[in-house]
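Asks: What follows is each chain in one-letter form.
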Amino acid sequence: MYDPTVARLTYRALLGRRRALILGVLPLLLVVIAVAVRALAGVDDQTATDVLGGFALATMVPIIGVIAGTGAIGPEIDDGSVVYLLSKPIKRPTIIFTKLIVAIAVTMVFSAVPTLLAGLILNGNGQQVAVAFTIAALVASIAYAALFLLLGTVSRHAVVFGLVYALVWEALFGSLVPGARTLSVQQWSLAVAERVADGNLVTSDVGLPTATVLLAVVTVLATWYAGQKLRSLTLAGEE
Amino acid sequence: MTTLNIDHVSRWFGNVVAVNDITMTIGPGVTGLLGPNGAGKSTLINMMGGFLAPSTGSVTLDGQPVWRNEDIYKHIGIVPEREAMYDFLTGREFVLANAELHGLGAKAADEALATVEMAYAQDRKIATYSKGMRQRVKMASALVHQPSLLLLDEPFNGMDPRQRMQLMDLLRRMGDEGRTVLFSSHILEEVEQLAWHIEVIVAGRHAASGDFRKIRRLMTDRPHRYLVRSSDDRALAAALIADPSTSGIEVDLAEGALRIQAVDFGRFTALLPKVARDHGIRLLTVSPSDESLESVFSYLVAA
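First to last, the sequence lines map onto chains Y and L.
The letter at position 76 of the first sequence is residue 76 when you use this note's numbering, and the numbering goes up by one with no holes.
Each number in this note's numbering comes from the position in the second sequence (counting from 1) with 239 added on.
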């Protein structure tokens, strides 16, 4: 199911100079914000929750997910170099699964690690806030990576659609239409964070059992469907 | 023996028919797929390589379907036309990755690099390669697993004459070894120099198939059109039409020239200067008016 060569090629493509730079910007911004807030406002659990929930989990994690998830396969399909993977006796679902693992790992490293760091800076993990959001970021990384990998497989405009989903659906639409929140990776991961954090600092609109089931279903379905799409991927000629 | 069978294959994109009911069998040796740009060569090669489903018909390799069958790639090597190929890797890293994806190791990669004579530049990034070097590394990646069928889409595009010769030698060698090699080209001379057998495709249809010399003769024997200006057009026309090598002459008053259709190319080209000299007529312009490849091809379709 996992091919180390496909993984190596995907890591090299994802962590190439320019893309790694883009991946690094938001985490750096988060840490800078954390330092600034801590310096200006001092230690406050509610402030820490607001920064981690409002910026880290709501904005940074999905955007990192978009970059890593679509970037793990989209550019190869776009420029046609995916032909070198597809013209091999390797099951197409194996290629997708391997790329998913890489996308998850990259999303986790670039989102969960800075989230933990920012949480520690903000309130020294008071009320378990830093750990709670780190776990939420880890969980969200899996679902985002799977969703955006699928998007990268089916659409040439995956980055645009991904950003629209991340910013419009998750952030804007979700805050206006209550029902939309049930179908939000962010809310599902918050349900996990809610369980970890002390007190009522972190709340989710979705119960933990529902969240767990939806996370698993979305991840599995997206990965399976991406594998199927890759099996019948058509490489357009240049004519 | 590796035989690729294309059986009544058509492919359309919306309302556009790119490949129209083509049936052909590609056996061992070097086969050239010849046709003008846009004829459907790439579409056909993509179907042969399992990257496009035929709308109708089937493509099989020794009886095995090619579409949605990953295991078939143990036997197929593909050299795509597109340039993109993991530019951030070195040539060796790229070929080694291709070998690993076939379950092979460094030995296979090094052999393939040696075969295409790229060992000297294998540690440079692909991004720094010239077009010809890229082409050779692509070849190496397609050869790592010693495939019995090699598909190449416009492999000579953008190569300089020396690189072209090297690649032709290599493909000839592959054919001599009994591999099935198919390459596409829109350039007659390339196919002429290399292919034992050719398949001609025009506007998505299978126009001709067989031995190169036979097809070449068909191409030479077709009616040729010339535009001729002389010191006395009407006298020249009268003298030419008396000979059976000419089937029609029009006096184009607007152009101030003769439009001549010749049916016997060899005889007409000898006749024209002779007739002109005998009648004391000066030839001012003699230009073939339909020597474009497209007109040659469309004649083949009609033939």
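Since the hints were derived computationally from the structure, they do not count as laboratory data.
For glycine and all other residues, C-beta sits at the position ideal for the given N, C-alpha and C.
Check before you lean on any hint, since a few could be wrong.
To be verified - Label pairs and their in silico Cβ distance ranges:
#1 L:Gly-277 / Y:Gly-179: 39 to 45 Å
#2 Y:Asp-78 / L:Asp-415: 48 to 54 Å
#3 Y:Ala-39 / L:Tyr-359: 55 to 61 Å
#4 L:Thr-367 / Y:Val-168: 48 to 54 Å
#5 L:Gly-277 / Y:Ser-232: 53 to 59 Å
#6 Y:Asp-78 / L:Pro-304: 43 to 49 Å
#7 L:Lys-364 / Y:Leu-233: 53 to 59 Å
#8 Y:Thr-234 / L:Val-525: 47 to 53 Å
#9 Y:Ala-41 / L:Lys-364: 34 to 40 Å
#10 Y:Ser-232 / L:Asp-415: 34 to 40 Å
#11 Y:Gly-54 / L:Asp-399: 20 to 26 Å
#12 L:Thr-264 / Y:Ala-180: 56 to 62 Å
Asks: Are any of the numbered hints broken by this structure? If so, which, sorted upward?
Replies: Per hint list: 1, 2, 4, 5, 6, 7, 9 and 11 violated.
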